[in-house]
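So the sequences go chain by chain: A and B. At position 55 of the first sequence the residue is numbered 55 (my numbering), and the sequence of numbers has no breaks. At position 95 of the second sequence the residue is numbered 95 (my numbering), and the sequence of numbers has no breaks.
Calculated directly from the structure, the hints in this document are not laboratory data. Misleading hints may appear alongside valid ones.
To be verified - Okay, derived cross-link-like pairs now, SDA-like style, lysine to any residue, Cα gap no bigger than 20 Å in a straight line:
| hint | chain 1 | residue 1 | chain 2 | residue 2 |
| --- | --- | --- | --- | --- |
| 1 | B | 388 | B | 275 |
| 2 | A | 26 | B | 339 |
| 3 | B | 394 | A | 31 |
| 4 | B | 394 | A | 16 |
| 5 | A | 26 | B | 336 |
| 6 | A | 26 | B | 349 |
| 7 | B | 273 | B | 302 |
| 8 | B | 394 | A | 27 |
| 9 | B | 394 | A | 25 |
| 10 | A | 26 | B | 329 |
| 11 | A | 26 | B | 330 |
| 12 | B | 394 | A | 34 |
| 13 | B | 273 | B | 299 |
| 14 | B | 394 | A | 29 |
| 15 | A | 26 | B | 388 |
| 16 | A | 26 | B | 398 |
| 17 | A | 26 | B | 103 |
| 18 | B | 394 | A | 63 |
| 19 | A | 26 | B | 456 |
| 20 | B | 394 | A | 24 |
| 21 | B | 394 | A | 30 |
| 22 | B | 394 | A | 23 |
| 23 | B | 394 | A | 32 |
| 24 | B | 394 | A | 21 |
| 25 | B | 257 | B | 292 |
| 26 | A | 26 | B | 340 |
| 27 | A | 26 | B | 333 |
| 28 | A | 26 | B | 324 |
| 29 | A | 26 | B | 299 |
| 30 | B | 394 | A | 22 |
| 31 | A | 26 | B | 326 |
| 32 | A | 26 | B | 328 |
| 33 | A | 26 | B | 393 |
| 34 | A | 26 | B | 331 |
| 35 | B | 394 | A | 28 |
Claimed, not checked - Derived coverage of chain A by chain B (criterion: at least 3 residues anywhere in the stretch with Cβ under 8 Å from a Cβ of chain B; other residues may be distant):
| hint | segment |
| --- | --- |
| 36 | 26–37 |
| 37 | 46–53 |
Glycine included, each C-beta is placed from N, C-alpha and C at the ideal position.
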Amino acid sequence: MPTQITDEAFEYLLARAGLSLSEAEKAELRRVCDGIAEMAERVRQPRGIMAEPALTYGFAEEDL
Amino acid sequence: MGAAIPTIAEAARQIAAKELSPVELTRACLERVHALDERLHAFIHLTEERALAEARAAEVAIMAGGPKGPLHGVPIGLKDIVDSKGIPTTCQSRLLQDNIPDRDATCAEKLAAAGTILVGKLTTHEFADGGPSFDLPWPPARNPWNPDHFTAGSSSGTGAAVATGMILCGIGTDTGGSIRGPAAYCGIAGLKPTYGLVSRAGVAPAAFTLDHIGPMAWTAEDCAIMLQALAGHDPRDPASADRPIPDYREGLGRGIKGVRIGVIHHFHETDHKVSDGTQRGIAAAIAKFRDLGAEIREVQLSPLQDWAACGALISITERAAAYEEWARTRLGDFGERMRSRLMLGAFVSGVDYLQAVRRRRELRAELHAAMADLDVVLTAVQPTEAPKIDAVPKWDVFQQPGFMMPFNVAGYPAMSVCAGFGAGDLPVAIQLIAKPFQEATVLRIADAFEKATPFRDRRPGIA
Chain A
1 MPTQITDEAF EYLLARAGLS LSEAEKAELR RVCDGIAEMA ERVRQPRGIM
51 AEPALTYGFA EEDL
Chain B
1 MGAAIPTIAE AARQIAAKEL SPVELTRACL ERVHALDERL HAFIHLTEER
51 ALAEARAAEV AIMAGGPKGP LHGVPIGLKD IVDSKGIPTT CQSRLLQDNI
101 PDRDATCAEK LAAAGTILVG KLTTHEFADG GPSFDLPWPP ARNPWNPDHF
151 TAGSSSGTGA AVATGMILCG IGTDTGGSIR GPAAYCGIAG LKPTYGLVSR
201 AGVAPAAFTL DHIGPMAWTA EDCAIMLQAL AGHDPRDPAS ADRPIPDYRE
251 GLGRGIKGVR IGVIHHFHET DHKVSDGTQR GIAAAIAKFR DLGAEIREVQ
301 LSPLQDWAAC GALISITERA AAYEEWARTR LGDFGERMRS RLMLGAFVSG
351 VDYLQAVRRR RELRAELHAA MADLDVVLTA VQPTEAPKID AVPKWDVFQQ
401 PGFMMPFNVA GYPAMSVCAG FGAGDLPVAI QLIAKPFQEA TVLRIADAFE
451 KATPFRDRRP GIA
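Only chain B is shown next, with the shape it has when bound in the complex (with noise of 0.2 Å):
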């Protein structure tokens, strides 16, 4: 503790220089856990002595060969959604509170060969739906820049943990904005890449053709980092991309003159109405992405609303498939938010959620045609700074709808940047959207946005 919080960049170069141990770092993370951890909650269960002989390992190999890539001897750690070889992986919920996989997911697997040292399972909702929950045998995280207020989730360990330096990036999953909601919250940065960019296999499903996993950590170019490492084709899964992977560093510091960037202000000025501090972190971005050269348009899209219908039915209807058996014969044993969502699957028809599927489709071309002479567009991530935890109302997709999900529906990839502080002194984001697989184009924005900005000088004060 005490000690200034490294980024991926900063900790790889000075491993690779031989100035930081791997030990060291791992160590400093864990004096965080055990500092923080009882007030925010972002770990549901602990691997610190395999994470310090893993650290051990990776040191002796560095010192005898260097390292592998920037993320040798880096502290990580995986939402509790995704398998874990050996490790209790319970999603959250007391139907797999015993549950000790005997694979590890792909992301899993791609994160270890790359020299990570895994620190932990992370705090997540049930099964990635439907929190906070107070009725599950864990307590749901707590947001580390003001403990009384929520993290947002699904992905609400990651966030947290990272924000805080427990670990220096993690993994996410995304079905309605459960990276970009997190990191809006908790003031890091998070990336949702495109549908099938990165392998599903092995992580708990929420809905099968809205799920994307994807990386969090406190910048942008951690972001890339991370993202090289877990991008590419994976027979396991269904829905994986079979594409040549680009190199997502390489366009970093190049700067922004003459990126085009469309700003749906409808969505978050009409459509769903947002907190003036967000607004005013919103209209500040747009006003740095103006110095920085960028040319700012205005872009038209269907309602809000309609976006959010159509993924709120395709996200009911998968999911009730996918726990369909569970729901006719454990109902009992999911908490009270999940069973409500799970109930919700009754009341939509074959032919509703097929013509959400329609319309899917009729959404990504308009959202493709848009797009024709733009890099990104941008809007909210969130509605307003973090809510107290106690205050969440449990059926919000009924009432106003969301701004991550039409990104999720459309599948392209889609980030959350920390653009200041609001009301409360908690943080406040932008959504920057690229199109199919040019997430290079997203994390060059991001980064520039950062690189000027003061907004990633801050961490939490908890930490």
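Bound conformation, chain A alone (with noise of 0.2 Å):
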């Protein structure tokens, strides 16, 4: 399961995006933004360093 983030660590990726928020939004995002962590997890699988990400656009012939 990943760590819950720190308050710094949280404030300085709101600052490193830009955004400006208010005390409330910070509390609410504070409240789900352990769920991006858990799926960040979850899209991580022992795969290897040779596994190439999909195509960005459209379809290889193997995938047809």
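Now that you have both chains on their own, put them together as the hints suggest.
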């Protein structure tokens, strides 16, 4: 499971994204941002260094 | 009002036989708009004068030389994230409330070239994400089966307007279910085509690699007619597929004996258990397909939660990138729900995004292998009948995984087909998914189902 985000990290990520939020918006976002971390863990698989990403646009022949 | 609402196929036959005038048809649609839209809010901008002028021009052309195709003289609408030359295109947002494009989106151009009549621009969620919202300059659309209930989104106006015959068909867009979701809740047919089959050029992005443009209409046959006009390569869209376009109506009416349908039971029975009414609709649909001669099999895929996580991370990141400039400078001008979605982008790293795109390739390969001996797979569209419009959770993306996002992740064609009525006498639906570029297959199966069941005989009482 991902660790909970610290106050400092939370503020840093918002500042880096250039987002100016109210305290109420920050509090709400704090409640849901762990859900993002959980999803980020879920897409990580033991796939090795050679596993390619999906094509950004369209299908390769192997997909059809 | 009062007269039966024709399908496109029926209207086309009557127009070709000179039994129905495009002007009469357009006037009937406009009468429904005037009678119903104060309650349903399906339209954000009505183009009444232009529609009547186009209808008169279509009538003159048809009287002189016959219709140029089945859409000639047919009233339509465009979701308001679709650029329309000289007509306001707001994306339901304060940020674009004065925006008037100087060029049509490719899909709008193609429908105009087919002879359609533009009745107006249709309600959506702000930039096709996050609704229903009550803090925007325009209200959200209401469900025509019960206006206290949600249409789903984001092609919400299209769903409500088609169901009530204010238009015969309309454009929807779908990033995680925005064609199929409203189609299900509004009891109509909606097809998300294969990624790249219909051009995205001139349509505001929600997430570049998940966005699909497609038809919404009363029947599968009407979706086929509309897709015929929409499909095809477009150099304006870098993701546009360059492939031959088949006749999407060729297989309709040929039956489905021997068609192989795989049911992804664990999606809607375990991973996210659907309502009793939805489950009954799915079970009855499977029984009907068996009666029609289809072979029914079981399909096992990765848990729905895996597909949802992959799609959500890609969607959150691509949306945050597309709207970053406005998020930094005009965040307060977005409605609350869109603003909240944009904030999420700050918490997805570049590595998270790319791991999701790597997972996407694995999931697509998994679906490809699972469908090797199948023609389509089947699951739910929505987990329940339409909820009350004031009871739609804001953070549903973290609560329960949806049934539609897997096929945006895969890019496979997927269709919502009305499968009866559940709690509150609200529509329920099934989702049929075919292999890439096999839209003709899913349309043929959906058409056979519609013709073998009574659900296309009933419109919302309000209409």
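To test your reading of the hints: which numbers does this structure violate? Of the numbered hints, 4, 15, 17, 18, 19, 29 do not hold.
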